[in-house]
Amino acid sequence: MKSLLLRQALVLVALALVPAIGQAIYYRDRVSWQTPIPASELVTVAQARSWGESAIWVDARQDEEFARDHVPGAILLNEDRWNDLLPQFLAAWSPEKKVVVYCSAQSCNAAREVAKRLRDEAQLKNVFVLEGGWEAWIKTKQ
Amino acid sequence: MFFVRMKFAWRILDLIVAGIFIYAGALKALDPLRFANDIDNYKILPWAIGVRLAFYLPWLEIFCGVALIARRLYLGGVSILAALTSVFIIAAIAAKVRGLDITCGCFGHASKNWSFTAHLALDLLLLGALLFLLRVFSNQRRTCSF
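Chains X and D supply the protein sequences, listed in that same order.
As numbered in this note's numbering, residues 1 to 142 make up the first sequence, in order.
As numbered in this note's numbering, residues 1 to 146 make up the second sequence, in order.
Don't take every hint at face value.
No farther apart than 30 Å at their CA atoms in a straight line, the calculated lysine-lysine pairs in the DSSO-like style are these [to be verified]: (1) Lys-139(X) x Lys-98(X); (2) Lys-7(D) x Lys-43(D); (3) Lys-141(X) x Lys-97(X); (4) Lys-43(D) x Lys-98(X); (5) Lys-7(D) x Lys-139(X); (6) Lys-141(X) x Lys-98(X); (7) Lys-97(X) x Lys-116(X); (8) Lys-98(X) x Lys-125(X); (9) Lys-97(X) x Lys-139(X); (10) Lys-141(X) x Lys-125(X); (11) Lys-116(X) x Lys-98(X); (12) Lys-97(X) x Lys-125(X); (13) Lys-141(X) x Lys-116(X); (14) Lys-2(X) x Lys-43(D); (15) Lys-7(D) x Lys-116(X); (16) Lys-96(D) x Lys-98(X); (17) Lys-7(D) x Lys-98(X); (18) Lys-43(D) x Lys-125(X); (19) Lys-141(X) x Lys-7(D); (20) Lys-116(X) x Lys-139(X); (21) Lys-96(D) x Lys-2(X).
Which bits of chain D does chain X cover? Going by a derived footprint, with three or more residues having C-beta under 8 Å, they are [as the list claims (entries may be wrong)]: (22) 5–19; (23) 43–56; (24) 75–84; (25) 118–131.
Keep in mind that the hints were calculated from the coordinates and are not lab data.
We treat Cβ as the ideally placed atom computed from N, Cα and C, and that holds for glycine.
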């Protein structure tokens, strides 16, 4: 039974490789294979702060987290209420401004997703993800 | 009559489990980049490995699900799915213990708002079902070999 299991598992493992490799080839130019976010799209707290008034801060966390505390002047824009919140963001945005998106920490996904949607759907340039997120911001405040 | 009913129940369970994995695999295969981010959130694997797994694991889930429905490579399919589910449960618990703010990614974007408890409950349920299927299959083989 063990050899049967092993043989069958190996066949399935090999079969799944075929479409996976095909898909990876199809996506080869759209994926960052070595780092999660290209360094050019990341910004540190110090850098983002140095941009001063020319930066718009976007809080991609949940409403309650935003209500608790946020970067001064940040605009709430999360995926859950994307359609409701986007107009408010666009009203504050202007082409010369840099957009800095953050979520709770380095490990959260929301900032990447919101930044991606701003680039893809709203066709914005100069959209950056804050390295370390809200946690990094808090640390620099202390 | 009892055995016919049992066989019918086994088949139904097969289809449900297979359907869940095919659905979950298809959702992730449609958006491998999002799944790569979800894997990365667990902070267990380096991105370079996680992103490659994100392209591979959904297809493995789909093929194993199809194996369950088609009853070809059945034992291999159930075993791989049980192993994948176990690994995921351990990874999810480890992430929770480390206080990571994660989205599980099990059902692509559809599961992003699920709570940790809901994820864990579904995965434990799936693991239980897979282990049951494995047991029924090995019992049946043993009976047939006599």
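* Asked: If you check each hint against the structure, which ones fail?
  -> Numbers 2, 5, 14, 15, 16, 17, 19, 21, 22, 25 - these are the hints that the structure violates, sorted from lowest upward.
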